[in-house]
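Participant: Make the full structure from the sequences, and use the hints.
Residue numbers (numbering that gives the first Met the number 0), protein chains in the order written: chain G, 0 to 111; chain U, 0 to 860.
Since the hints were derived computationally from the structure, they do not count as laboratory data.
We put the CB at the ideal spot given by N, CA and C, even for glycine.
Among the hints, a few may not be true.
[Said to hold, decoys possible] Straight-line alpha carbon distances no greater than 30 Å define the calculated DSSO-like cross-link-like pairs of lysine-lysine that follow:
1) K59(G) / K574(U)
2) K16(G) / K367(U)
3) K59(G) / K585(U)
4) K477(U) / K147(U)
5) K225(U) / K183(U)
6) K16(G) / K574(U)
7) K676(U) / K89(G)
8) K59(G) / K89(G)
9) K843(U) / K16(G)
10) K767(U) / K59(G)
11) K843(U) / K547(U)
12) K147(U) / K219(U)
13) K585(U) / K547(U)
14) K477(U) / K19(U)
15) K717(U) / K547(U)
16) K367(U) / K101(U)
17) K676(U) / K710(U)
18) K741(U) / K778(U)
19) K585(U) / K89(G)
20) K196(U) / K14(U)
21) K196(U) / K19(U)
22) K160(U) / K225(U)
23) K101(U) / K183(U)
24) K2(G) / K585(U)
25) K765(U) / K676(U)
26) K183(U) / K367(U)
27) K767(U) / K778(U)
[What the hints assert, rightly or not] Which stretches of chain G does chain U cover? Using the computed rule of at least three CB atoms under 8 Å from a CB of chain U, they are:
28) 9-17
29) 52-61
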Amino acid sequence: MTKIEAVIQTSKLEAVKTALHEIGAEGMTVLEARGHGRQKGHTEFYRGREYTVDLIPKIKLEMVLADDMVERAVEAIVNAARTGQIGDGKIFLSKIDEAIRIRNQERGVSAL
Amino acid sequence: MSFTAITFSTQDFFKTESEKIRARFEDSHNGQAAVRERSDLVDKVTTQLWDSAIESSEELGNVCVVALGGYGRQTLFPCSDVDLLFLSPTSPDEQAQKQIRKLCQDLWDLHLRVSPTTRTLADCGKLHRDNVEFNISLLDCRYICGDKDLFEQLREQIIPKMVARDATELMQRLADLTRARHQKYGQTIFHLEPNIKDCPGGLRDYQVAYWLTLISELEKTRVWPKAENILPATLREDCGTALDFLSAVRCFLHYRQGRDLNGLTYELQSEAAAAGIGSATATRISPSEWMRGYFRHARALYRLTVLLDEVPQARSGLYRFLENRKSRLSNADFSVVDSRIFLRQLSSVEDPAVLFSLFEFVARHGLKLSAETERCVEAAIPSMQQRANQHSELWAQLRRILILPHAGAALRAMHRTGLLVLFFSEFGAIDSLVIRDYYHRYTVDEHSFVAIENLHALRAPGDDLQRRFRDVLDGIEKPDLLFLALLLHDVGKGVETPNHIEGSLQAADKIFQRLRLEIDDQDTVRFLIGSHLRMSATMTGRDIFDPKVVQEFCDSVGTTERLKMLTLLTYADIKAVNPEALTPWKAEIIWQLYAASSNYLSRTVDDQRVDAQTSNEDHIKRIVSAASPDVDSRQLISFLEGFPKRYLLTHTPDEIVSHFRMHQHWDGVEPQVDLLKQNGYYQVILLTVDRPSLFARVAGTLSSWGMNILKAEAFANKAGTVLDTFRFVDLFRTLDMNPTEKARLKRSLEDSLSGESDVRETMETKFKPATKIPKVKIKPSVRIDDESSSHSTLIEITAQDRPGLLYDISSNLAGLGCNIEVAIIDTQGQSAIDVFYVTQGGGKLDPSIESRMRDVLLQLL
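Facilitator: Below, the structure is given as structure tokens:
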């Protein structure tokens, strides 16, 4: 099992969700996030007050998938979230040891 | 007979009888009967088990079994706790305690949730400050079996004595517990999935009212009143019906779920509606209609909380002092007693003017109506039915309520008493309306009131972001229109249209007629209702950091004023979905889109010009159609050519036509000056050819007359005609008190423009403003931008507002050889926010001039 953590633009959430549903990856957690990568934000000037938008609003998706689904899911996210501009986001993959469904204590891939 | 054998037969008996009670309930839906029968059944089995126990244990002979709480009241819901008190004169010995434990175990084996307590008479006579709930549960004590004399002592001596001694503290604790419970549920009955026991308007509220009245009676007389006479007669009938309904619903919830769960979820609402729970007729209704019935009953029970106000609060002396001071708010029509509003003359509310001023009083002071006042309002409403549609002052009265700090509470009270629906029947469509989704917590009507409260709450901001939104709110010219839009934005959810916005707009159009709202104000409210989801959609569906997205959004909004209102409407609307809906993340995005759009609108004024000859814009069509037939439309269009588009968006068609008429009368040389009075301020309109220091001359003349300039705009069209408008407040009422001074001010402006008088000399000799220490210090800033405009340099200035500031800035700009192409001057609280597009020699400023300009301006700010 692999955990996918994808940080994407807020405007791309619906497109990414649809793309993931289309390949059969349905369970996910969506978090409101703020941050920056190399795109370090910018300085705005509003009515005499300078403020730095250094933490840009993003959406973070988390999902754990069976290993054979991971590449397709990554491809779906990339295709749906990519604009080619700085700030499109990142995808992180990590191995998961175990998954347990709380309701019936099912374990492993079937608990996903 | 062995104890175990009795238990087996008791189990069978209990099971069979319980099933019969359930079957009768399923058939009749009579909740009150079911809880009474269940209580009787538990009495029987408890007595049976007790009799068996006492046969084998003499130690139980002087113990009494007493029912407390809901069981004591003979309202034992299917899965509720069975509260039992084992009462004895002294602490029971080990053997007796063992028998009591055994009895409780047997009851547990019947799947009854027994909650036992063993106490002595002396225990029951004490006030248990750490467990005041026990003292309150004693108020429902009822004899089951055992030593009856002991029970009589408890009921006739111990409890009345305890209550008489500790009545005040008991009532205070009970009131505090109730207030905390209401606070937990947001002080509203209008939850989409309410807890029918604990929510405001739930069964617990009925019980609290019952206990408060009982304590009060026992304190006065030390005699138990008859249960049916305890509540005030005026409240009894409505409450009785509500109690029948909620008892049936709670029985249904318990039977359906097999547990003491009292949350009325969407699924259970559908099932209850389909089963006709609480309905006297066989006609089945939709879940939303059924929920309307629920809210009607909850409202009746919530009214009982009026009794809480009679409880002296367990607060500090200072708090009580402050509360008592509220009675000073009493006036000729209303008196304030214990923070409730009473009518001096009960029939006075039959006059609509008094009626609206009553709710204005609520909106101003945040006080509640007394039960008597509410009844008078309700009684007066039927007689107003016919007059409602002819009420000419409706908007004037409603707008006063909307802009006051406690408007939400006033509107809620108007809705509760039926006044809101009387005047705005369209609002009836969303009365207690449940629209099911995963996010909304409140009914549609309550959501609108909460949204209005959210905006007013910005007056006391909790963090920096809220302070920024508060500043935006402070800068809105007509906040009443924003609040009206919030009140009506979701009315369409109650009518069948393809989308609710369409329904809301249709309803709003009808309401506008009744309010006799100005056409431009109608447009503003219509825009806000029609666009109320646009900002959210842009925030979540588009990249707000993409300039093209900001540009498209701004094109759809049009003006800074509308942007401000839409921003606040979006903020309040999202926040009213549920208390957690507006996360700091979302609030920040709203702000960022607002700031980017505001900057875009002010930084593109110079480049976005009217191309009237070829444009097909609706604005131009509307201006042409607003002109009378004698106006030559080609000349009018030619006049508009080259003005910034902002000019068309920030002035009404009628105003623009009047400017054109000034232009028609203009000889092309002498300046045309017009002076108008509007809604508490004056406006100077100036039409002339461009000339050096033009803007400074007008600003200086107005300042030398002691006028406080709030806003100003300077625009020019393609032909070089300058049109400046200055909005100012006549601080010393010079013009109001001396009508002839208006003509003199006009002459003074004309002289200054033509050069016959020297404004610099006037300012140096006559301008002597009183110096005031500012309450809030504004850090001055000057931002010079060569990028935003294609041919001008943009200067954004923010500074502490003070008399003569605009003259100082504009005269210094002129002194540096700059020509003001466009100016947008705004005042927000104590901040002056000025935007100038300037040129020098027909082009952008030289960098060396920019640097000097920054130094000069910062020095004078």
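Participant: Against each hint, give a clear statement of whether it holds in the structure.
Facilitator: Hints, verified against the model:
no., hint, result
1, K59(G) / K574(U), "holds (22 Å)"
2, K16(G) / K367(U), "violated (48 Å)"
3, K59(G) / K585(U), "holds (14 Å)"
4, K477(U) / K147(U), "violated (72 Å)"
5, K225(U) / K183(U), "violated (33 Å)"
6, K16(G) / K574(U), "holds (25 Å)"
7, K676(U) / K89(G), "violated (59 Å)"
8, K59(G) / K89(G), "holds (10 Å)"
9, K843(U) / K16(G), "violated (49 Å)"
10, K767(U) / K59(G), "violated (60 Å)"
11, K843(U) / K547(U), "holds (25 Å)"
12, K147(U) / K219(U), "holds (26 Å)"
13, K585(U) / K547(U), "holds (21 Å)"
14, K477(U) / K19(U), "violated (65 Å)"
15, K717(U) / K547(U), "holds (27 Å)"
16, K367(U) / K101(U), "violated (52 Å)"
17, K676(U) / K710(U), "holds (14 Å)"
18, K741(U) / K778(U), "violated (36 Å)"
19, K585(U) / K89(G), "holds (21 Å)"
20, K196(U) / K14(U), "holds (26 Å)"
21, K196(U) / K19(U), "holds (25 Å)"
22, K160(U) / K225(U), "holds (18 Å)"
23, K101(U) / K183(U), "violated (39 Å)"
24, K2(G) / K585(U), "holds (26 Å)"
25, K765(U) / K676(U), "holds (25 Å)"
26, K183(U) / K367(U), "holds (20 Å)"
27, K767(U) / K778(U), "holds (24 Å)"
28, 9-17, "holds (count 4)"
29, 52-61, "holds (count 3)"
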